[in-house]
Amino acid sequence: MTMFVLRRLLGLMPVLAVAIGLTFAALQALPGDPVAVMLSDHSADAELAARLRAEYGLDQPVWRQFLTYVAHIAAGDFGLSFRFVHTPVIDVLADGLKVSPILALAALAVAFPLGAFAGSYAAIHRNRWPDTAVILFLVAGISIPNFALATFLVYVLSIKLGVLPVAGWGTLDRAVLPVMILAIPCAAYLARLARALMLEVLQHDYVRTARAKGMSERAVVWRHAFRNVLVPLLTQTGVIFGGLLSTTFVVETIFNIPGLGRLAIQSIFARDYPVAMAIILLFTLFYAVINLMVDVLCAAIDPRLRAEGGSRP
Amino acid sequence: MSAKLLEVEELSIAFRGLRGATEVLSRVSFAVAPGEIVGVVGESGSGKSVMALAIMRLLGDDGVISAGRIRFEGRDLAALGPADLRQVRGRSIGMVFQEPMSSLNPLLTVGYQLAEVLATHLRLTGVAARRRVVELLDEVGIASPAERAGAYPHQLSGGLRQRVMIAMAMACRPKLLIADEPTTALDVTIQAQILELMRRISRDAGTAILLITHDMGVIARMAERVLVVYAGQIVEDAPARALFARPAHPYTRLLLAAMPSPRRKTARLPVIPGTLPAPSRLPPGCRFHPRCPLAVDPCRASPPDMIELAAGRHTRCIRGRELLTQSVRGLEPVP
Amino acid sequence: MTDLPVAAISVGPADPGRLAYRFVRDPKACAGAAIVVLLVAIAALAPVLAPYPYDDTDLLAAWVPPSSAHWIGTDKLGRDILSRLLFGARTSLLVSVSVLGITLTVGMALGMLAGYLGGWVDSVVSRLADIVFAFPDVVFAILVAAVLGPSMLTVIVALSIVWWPGVARLTRALVLVQRNETFVEAAVVCGTPVARILVRHILPNIVPPLIVRASIGIGFIIMSEATLSLLGLGVQEPQPSWGSMIRDGLEALRTDPYLALSGSAMLAVTIIGFNLLGDGLRDLLDPKLAGSLR
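Chains as they are written, first to last, in the working numbering: chain A, 56 to 368; chain B, 194 to 528; chain C, 14 to 307.
Next comes chain A alone, as it looks inside the complex:
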């Protein structure tokens, strides 16, 4: 198992390399001179400009800049912000780093159990009313875009009924709507998958064996069948976590949450590209790490995956 984790950790390296290479390339290709951005009102000051260029390493050849970039990132240093002069990017990110991962993980923590349970429950009660109810939820949850959902929910819950705050961050009631909006589409997608998987698993011979042993229907479903639903469901959860991360950009912008997503968008408009690229890099890494954890979790559940060269079923 340790070897398995180590192998998967090594598998992170190419992803990291690609993300670093692309963000650096993007930084190079970006329009506008960063020094001009920094010097908005002192643009005539050539000496100051030269000093800033040196401080930011912009006077170096591109390959030197790249090596510096890689070396610094390896040390957790994303360089200096363009917008907040002399401020390291990591300091600009500090607040957002405490928000976005919590937001995303909270949504996942809601979406996964909800989706897995609702989908499985619908499958057990196939073609009866719980199933129909879940399917309606699925169609709505998958089809309604997250920000349309945000509009409706904010309008009804916050403005018309006044039960939840319209925007902001920091208290539990403020987190309810953003987490819901992140979680609902994921939960719907996972429920749809869980339902299909459960319907298939319930046809398997080992489910019949469990019933023939005289076990209760609850034990048959949740101890035997559900376990087999879990592995493919987790695998897909890793994939859709990317969509969830993408949605945090929207949700943070709509709800005015001081997270990395909103910061990234603000930075792009302020031409503070080191910050924007650092955030994109971090999101990509976060996505890869979650998928790695999914792999490890799957291997913990399914002994067949622990074997050398085992692939997910």
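Take these hints with a grain of salt, some might be off.
So the derived label-pair ranges between C-beta atoms look like this [as the list claims (entries may be wrong)]: (1) A:L191 <-> C:A33: 24 to 32 Å; (2) C:K41 <-> A:L227: 37 to 45 Å; (3) C:A199 <-> B:R393: 28 to 36 Å; (4) B:A385 <-> C:L141: 56 to 64 Å; (5) A:W184 <-> C:A278: 53 to 61 Å; (6) B:D269 <-> C:F196: 52 to 60 Å.
Please keep in mind that the hints were generated in silico from the structure rather than gathered at the bench. Every residue gets a Cβ at the ideal spot worked out from N, C-alpha and C, and that includes glycine.
Given chain A's structure and the hints, the job is docking chains B and C onto it.
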């Protein structure tokens, strides 16, 4: 009280489909005495597996018992509620399935799956359960049982898995073991070992076995009494010895003739002409008549009833008595 | 996306009449088709249907509530919301059809070459796809949009870069299945040129699953366009996009909710329509996957 363990009376089973219900088993009656090994033989699709599943009430959502009773130790299983049913499953009746590959949950150790039976029915948990699991694995001839208890199904061979299935079915010392094609998926050498194991366990524990197979060889090796199933009906019910000596139904005769035998001179095995009719498209009269070399006009006209030829010998053939007493032309093996 | 469902996708030739009949019998698919047809009609006839030009500002009539003059009211610049919603359909469809056209062309071409030729072509295409797959999809689109600067063209390019690998991967997997079919082997043995084998023998057999993929994907593309526009990285003023309209509307949701609500409703109905149509087509063209969400 009768001396019988299991008495199936006039059992009919239908499957709901898109175009209404289809009867796959029609008014089947038979009995199993305590400790008796009864073989059920028939082609695939004849309804024999459905019969086994029906006794355990494992037909699924679409299969229904449309008529009849399944009397087991005086209780009618067909009318039992879910809670009472669970008391019977795994405790009084054990079951072994055809596919040892897929019949065990791939994500749980075999020891765990075995211990589940003990916990469910005997309230045996913890160390006591673990000890019993090892004993049970040892009993079915698994070497180093303590280690194997921690193995996952994919780490075991097909033969070992089937031994685990048997250990699981026998864990509560059931009165009846239903084995549905237990050796079909196994190599020939393993087949013999598994059959021998089942026979030994039946003798030691006094467990009756309902052995379902399409293989007359397995029947010959194991069964004390034989039920021949054709197109959802029992067509012959006889003690094994008598049946092999002199079958009283043309279908049984042809099945026996189709059995490979070292004594046979001809190189080619005879085959039964035609195919098993689908349950929705049964012929009028005797269900076997289109394939029967002995069919006469009355066979086409009306469905035959079971007739008793001797004590414990029944056949669903109007010419059954002829078959027993004189040699009938037309049944010589077709080369 | 994994290669998982590909084995299940094998579509034989079917009688078009029968398919049409089954499609008409499916109420979900019909509802989806109706919404899509209506949307296309709106986009095509927007200049005729819209009561005002989409960029007709009137600062004196900003945030006017619904009235007989402005059925859904006006936005912060006094522009007629209804007119902008109708023209917004043009933007959505233009972007999604462009992205679909580009990704299907590029993705299918590369996927077919990768699947049929294998070797280094396959490696290059697969690695390129892996690079895109390493990023969460909209995050990658944001990266591209940041480099190119916000505009409608940017959205089309960014979403095309994000979407082609999925098409390529599906195509590749489908071609791998087809390549081992007897009729393809027969064509190879007869010395048929590669291009001809791909276009005449393989292409017709892999089109149905790709149609299904495209019809399901189009909803996501419309959603992604709206997302980028909502974030300000997409379609720019004064051109109307539902995404940027929702953003503008959200700022005034408390006092003037009509812009945000109508924009959201329009977007939701559109995506539901495409998803229903996509599900219907999948049930129709891909019998093995059908019934998974009955």
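For the range 28 to 36 Å, tell me whether the beta carbons of A199 (chain C) and R393 (chain B) fit it or not.
violated (57 Å)
D269 (chain B) and F196 (chain C), beta-carbon distance inside 52 to 60 Å?
holds (58 Å)
Note whether the CB distance of L191 (chain A) and A33 (chain C) lies within 24 to 32 Å or breaks it.
holds (28 Å)
May I ask you to test the hint 37 to 45 Å on the CB atoms belonging to K41 (chain C) and L227 (chain A)?
Taking Cβ atoms as reference, K41 (chain C) and L227 (chain A) lie about 39 Å apart, which means the hint holds.
Just to be sure I understand the hint, the distance between the Cβ atoms of A385 (chain B) and L141 (chain C) should be within 56 to 64 Å; is that true here?
Once the Cβ atoms are compared, 57 Å apart, the range 56 to 64 Å for L141 (chain C) and A385 (chain B) holds.
Indicate whether the distance between the beta carbons of W184 (chain A) and A278 (chain C) respects the range 53 to 61 Å.
violated (28 Å)
In terms of the numbered hints stated before, the structure departs from hints 3, 5, listed from lowest to highest.
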